[in-house]
Amino acid sequence: MNRKKYKQLRVVVFLFILAIVCLAVISNSYLLATVGALTGMLFMTAMRLKTKIGIDEREKTIREKAAQLTYAIFAPTIGIGAFLLLFPSLSRLSVFSKGEFIYLESLGMVFVYLTLFLIALYAISYFFINRKYGGGNNEE
Amino acid sequence: MPFPIFLLIENMGAVIMKSKLKVFRAMHDLTQEELADKIGVSRQTVIAIESDKYLPSLGLAFKIAKLFKVKVEDIFINEGGINDD
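Going down the list, the sequences are from chains A and B. Letter 122 of the first sequence, counting from 1, is numbered 122 in this note's numbering, and no numbers are missing. Letter 36 of the second sequence, counting from 1, is numbered 36 in this note's numbering, and no numbers are missing.
Honestly, I wouldn't trust all of these hints.
[Unchecked claim] Cross-link-like lysine to any residue pairs, in silico, SDA-like; alpha carbons within 20 Å at most: (1) A:Lys5 <-> B:Ile39; (2) A:Lys132 <-> B:Gly59; (3) A:Lys65 <-> B:Ala48; (4) B:Lys38 <-> A:Arg63; (5) B:Lys38 <-> A:Thr70; (6) A:Lys60 <-> B:Phe62; (7) A:Lys5 <-> B:Phe62; (8) B:Lys38 <-> A:Thr51; (9) A:Lys50 <-> B:Gly40; (10) A:Lys60 <-> B:Glu73; (11) B:Lys53 <-> A:Arg63; (12) B:Lys38 <-> A:Val112; (13) B:Lys53 <-> A:Thr51; (14) A:Lys5 <-> B:Lys53; (15) A:Lys60 <-> A:Pro76; (16) B:Lys53 <-> A:Glu64; (17) A:Lys60 <-> B:Lys69; (18) A:Lys5 <-> B:Tyr54.
Source of the hints: derived by calculation from the structure; they are not laboratory data.
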C-alpha cells in the first residue's frame with residue numbers, strides 16, 4: 001500500500017467513524033461513541049505500522065514550526081492576559097474592591113497557572129529532547 | 001507584510017540551496033509521484049524540493065543521490081547563505 005492509498009483509506013475510515021460517533025451521540029450512547037473513536041484510532045495506527053508509512057519529513061518540519069509559533073504566541077498572550085486580569089485587583093481599584101469582577105480575578109489565576117504549566121512543559125520537553133539529540137555535558 | 005515571528009523562524013536556518021532534482025527526475029523519466037514513492041515522501045515534498053521551497057534533510061538528500069547514482073552536491077548546489085564566511 002502506498003501513501004496515496006493510505007490517505008484514501010484514512011478518509012474512508014474517518015467518515016465511517018464520524019458517522020458512528022454521530023449516530024451514537026444522537027442515540028445518547030456515549031460508550032458507543034468512545035468505543036467507535038478508539039477503534040478508529042487503533043485501526044489507523046495498526047494500518048500505519050503495518051504499511052510502514054512514516055510521517056513525511058516536510059510535514060514534520062511544518063508541525064515543528066507550527067508548534068514553535070503556537071508557543072511563541074500563546075505563552076505571552078495568556079501571560080499578559082493573566083497580568084492584566086490580576087493587576088487591577090491587586091491595585092485595589094474601586095470596581096474590583098466591590099467584588100463585581102471577582103470572576104475575572106479567578107480567570108487571571110487560571111491563566112497564571114496555565115502559563116506556568118506551559119512554560120514548565122516546554123522546559124521539561126526541551127531538557128529531554130536536548131538530551132536525546134546529544135546535548136549535555138559529555139565533553140571529551 | 002508578514003508577521004515578525006515568521007521572519008524570525010524563517011531566518012534561523014538560512015542556507016540558499018538550488019536543487020537540480022527536476023533535471024535528474026526528467027533524465028530518469030520519473031513522475032513526481034513515482035519519485036515520491038521511491039524515496040518515501042509525499043508528492044508535495046518533491047514539488048517543494050524541486051521549486052527550492054524546502055531544503056531536504058541530509059538523509060533524504062543522500063537517498064535521492066543514491067537513487068540517481070550521483071553525489072549529493074551534483075543535485076543540491078549551495079548558492080551562499082550560512083557558509084558564505
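- Task: Sort out which numbered hints this structure fails and list those numbers smallest first.
- Result: 4, 5, 7, 10, 12, 13, 14, 15, 17, 18
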